[in-house]
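*Asks:* Here is how the chains run, residue by residue.
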Amino acid sequence: MIPGSERTPVDLGSLEPGTHLCAFHRDESQLARLAETFVGHGLSAGDQLLYVATDEQADALLGVLPDHVHTADAADALATGQLLVRTFADAYGTRRPDDLGTVADGFRAAAELARKDGFPALRVAAQMDGLAPLLGSAEEVLRWERMSTGLQHDLGVTSVCLYDVDRLDEEHMTSLAGEHDGLSPERAETPLASFLAVDEPWGLRISGEVDLSNRDLLHRVLVARAEVMPRLHLDVRGLTFADIGCLLRLHAVADDLPDDGWLLLDGGPAILRHALDVCGLGHPRLRLAP
Amino acid sequence: MTSSMTASPATHTGLFYGSDGQYSREVGQFLRAGLEQGHRSLVIAPSSRVDLLRASLGRAAAEVRFMDDSIGYAPQWNAYRVLLDFAAESPGVRSRVVAEQTLAARVPAEVLDYRRLEAAVNLVFADSPVDVLCPYDAGSLPAHLLEIGLRTHATVLADGDTSPNSRFDDPAALLAGLSAVVPPPPDATTVDCSGPADVALARRLVRTRGTEVGLDPEVVADVAMAVTEVLTNALLHGAPPTLLHVYQAGPTWVCHVHDRGRGPVDPLAGLVPPTEPSDHGYGLWLARQLCTAVDVGHDRTGTHVRLHMRVPPGSSGAQR
Chain E
1 MIPGSERTPV DLGSLEPGTH LCAFHRDESQ LARLAETFVG HGLSAGDQLL
51 YVATDEQADA LLGVLPDHVH TADAADALAT GQLLVRTFAD AYGTRRPDDL
101 GTVADGFRAA AELARKDGFP ALRVAAQMDG LAPLLGSAEE VLRWERMSTG
151 LQHDLGVTSV CLYDVDRLDE EHMTSLAGEH DGLSPERAET PLASFLAVDE
201 PWGLRISGEV DLSNRDLLHR VLVARAEVMP RLHLDVRGLT FADIGCLLRL
251 HAVADDLPDD GWLLLDGGPA ILRHALDVCG LGHPRLRLAP
Chain Z
1001 MTSSMTASPA THTGLFYGSD GQYSREVGQF LRAGLEQGHR SLVIAPSSRV
1051 DLLRASLGRA AAEVRFMDDS IGYAPQWNAY RVLLDFAAES PGVRSRVVAE
1101 QTLAARVPAE VLDYRRLEAA VNLVFADSPV DVLCPYDAGS LPAHLLEIGL
1151 RTHATVLADG DTSPNSRFDD PAALLAGLSA VVPPPPDATT VDCSGPADVA
1201 LARRLVRTRG TEVGLDPEVV ADVAMAVTEV LTNALLHGAP PTLLHVYQAG
1251 PTWVCHVHDR GRGPVDPLAG LVPPTEPSDH GYGLWLARQL CTAVDVGHDR
1301 TGTHVRLHMR VPPGSSGAQR
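Just so you know, the sequences run in chain order E and Z. Reminder that position 25 of the first sequence reads as 25 in this note's numbering, one-by-one numbering, no gaps. Reminder that position 196 of the second sequence reads as 1196 in this note's numbering, one-by-one numbering, no gaps.
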């Protein structure tokens, strides 16, 4: 039995930023499913995703990802930098860090870079097989994970640590599970909407439905994108529903932009334009493509 | 022009005409008097009435904005939006508005809502610089429809003179009496929508069932939006459990949102939109702009909002 498997996996749709999760896999296909679910949800939420894995594991993820994310093209996510793939050595180095403060600095820099690149937050999915050899002992791995939990809460970096059960004894796996906030699910419901970064033109592709359950998620993505470039092209051709709360958030973001900024809505259902009109939520910086 | 900037309160007058000639004479005179005082004029009326007025006004008709009732009252509460938009074009300038629709074609849920609409005009637009004249065809309308006009207008127009209406009811009391709760029937389909994620499930149900009863895709999209907004109101401002019942009620298909929130609900809530962008206040306004009729009421079980959509004649959901 996989440690912690008696616990209910967390709901990825309602994760607090900074949640430190773990997951245990028995084979590569299970690893791919775990990674796909976590990465797919993170991309849909508009966050930047760092996948730390071997080339083969990354290829396996990219092969299944389009099934998960609304109209997403994994190649697009890679091209915009919303999805980053690194080997364990690239991400964590090849030598034992002098102290965990160095690790904290690396986390902090990565989180800051994500915001500078126009993403509201960073999420990391990391295949952790290389951690014990790097740190030297199972106790050091536990210490690292404990430190990471606190650090990620502070920085708002959400992650899943992916462990291969064949490389761990049961007692260690139980201890590892205890150092995390919860288990990441192997499967999860497809998010109601996805908010995917677009570079050319700068903006966002919004697909699916936006309502009370996810409109604040959209707002944080819009704010993050607008902080980098206050002229946002919103591709809403795949948007099938938006409630008034969503329109209010679009209005609020437009209102906060500088005078030379704008949000351009390209596409969207007819009811969206009608609702904007009926509710008087037009704004000079909220433009509608013809 | 100072006469057009008068700050006197709104007037809401009924006209009960018995012939085309009387209609042309009385309404034409009402509009001409306004034009002479520099007032702006708007007419929302059936095309046959518009033709009569154009003929009566002659060249002066060019100074009047005409809108067919099939647009101005589609749905009925759109008339408020038309009034607000018309007033917003020239803030502070007094307007004369003639408002009449083909009332005999309305189904019972719409007639009930029209009674609310007429009563609420006296409160919603009380401080606005507008004179509203509502003609009622006394020669053809049945008594229960004429009675709406008789109860909801403070003054009546006859032979060119406006006089107090002795049958006028206090609008607030009238509105309070029009908020009785109608419970869902036993065969209603009911879903629990007490969590934010349930709102999407509710939309799915509305789309499926709305299509099954024969609503047009655009109408289904409208009602999905209206249900979303009313459910969101219930989740944010009401109390669980929040239930959605869907069922047929004569010629309308009803989406009925019920939560345990404490009332009563202000009968004027959502009759006009917020004047500035606000976190709330749009739900009922939008629902009234999208649905055939909207009932809002409260009883000991909580708050009830019934959203009616007319079922097209001949469709699978058309009643019997």
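To be clear, the hints were calculated from the coordinates, so they are not data collected in a lab. Glycine is no exception: its CB is placed at the ideal position from the N, C-alpha and C atoms. Some clues are possibly wrong.
Label pairs and their calculated CB-CB ranges [to be verified]:
#1 Z:ASP1299 with E:ALA270: 34 to 42 Å
#2 Z:ASP1170 with E:SER14: 45 to 53 Å
#3 Z:GLU1036 with E:VAL223: 49 to 57 Å
Stretch by stretch, here's where chain Z covers chain E in the computed footprint (C-beta under 8 Å, at least three residues) [what the hints assert, rightly or not]:
#4 85-94
#5 104-117
#6 159-171
#7 238-248
Interface residues of chain E toward chain Z, partial, derived using beta-carbon atoms under 10 Å [unchecked claim]:
#8 GLY13
#9 THR174
#10 LEU192
#11 ASN214
#12 ASP255
#13 ASP256
*Asks:* Hint by hint, say whether it matches the structure.
*Replies:* Okay, the hints, checked on the actual structure:
1. Checked against the given bound of 34 to 42 Å, the beta carbons of Z:ASP1299 and E:ALA270, roughly 37 Å apart, stay inside it.
2. Judged by the Cβ atoms, the range 45 to 53 Å given for Z:ASP1170 and E:SER14 holds: they are separated by roughly 49 Å.
3. For Z:GLU1036 and E:VAL223, the Cβ-Cβ distance of about 55 Å falls inside the hinted range of 49 to 57 Å, so the restraint holds.
4. With 0 residues having a beta carbon nearer than 8 Å to a beta carbon of chain Z, the segment 85-94 of chain E misses the requirement of three or more and the stated coverage is violated.
5. Given a C-beta distance limit of less than 8 Å, the hint that chain Z covers the segment 104-117 of chain E is violated, as 0 residues qualify and 3 are needed.
6. Figure legend: the segment 159-171 of chain E, annotated as covered by chain Z; annotation inconsistent (0 residues with Cβ-Cβ distances under 8 Å, at least 3 required).
7. Figure legend: the segment 238-248 of chain E, annotated as covered by chain Z; annotation consistent (5 residues with Cβ-Cβ distances under 8 Å, at least 3 required).
8. Using the Cβ-Cβ criterion of 10 Å, the hint placing E:GLY13 at the interface with chain Z is satisfied: the shortest such distance is roughly 8 Å.
9. Because the beta carbon of E:THR174 sits about 32 Å from the nearest beta carbon in chain Z, more than 10 Å, this interface hint is broken.
10. Annotation: interface hint on E:LEU192 holds; nearest CB of chain Z at approximately 6 Å, less than 10 Å.
11. Because the beta carbon of E:ASN214 sits about 8 Å from the nearest beta carbon in chain Z, less than 10 Å, this interface hint is met.
12. The beta carbon of E:ASP255 comes within 8 Å of a beta carbon in chain Z, closer than 10 Å, and the hint placing it at the interface holds.
13. Using the Cβ-Cβ criterion of 10 Å, the hint placing E:ASP256 at the interface with chain Z is not satisfied: the shortest such distance is roughly 12 Å.
In summary, the structure is inconsistent with hints 4, 5, 6, 9, 13 from the numbered list given earlier, while agreeing with the others.
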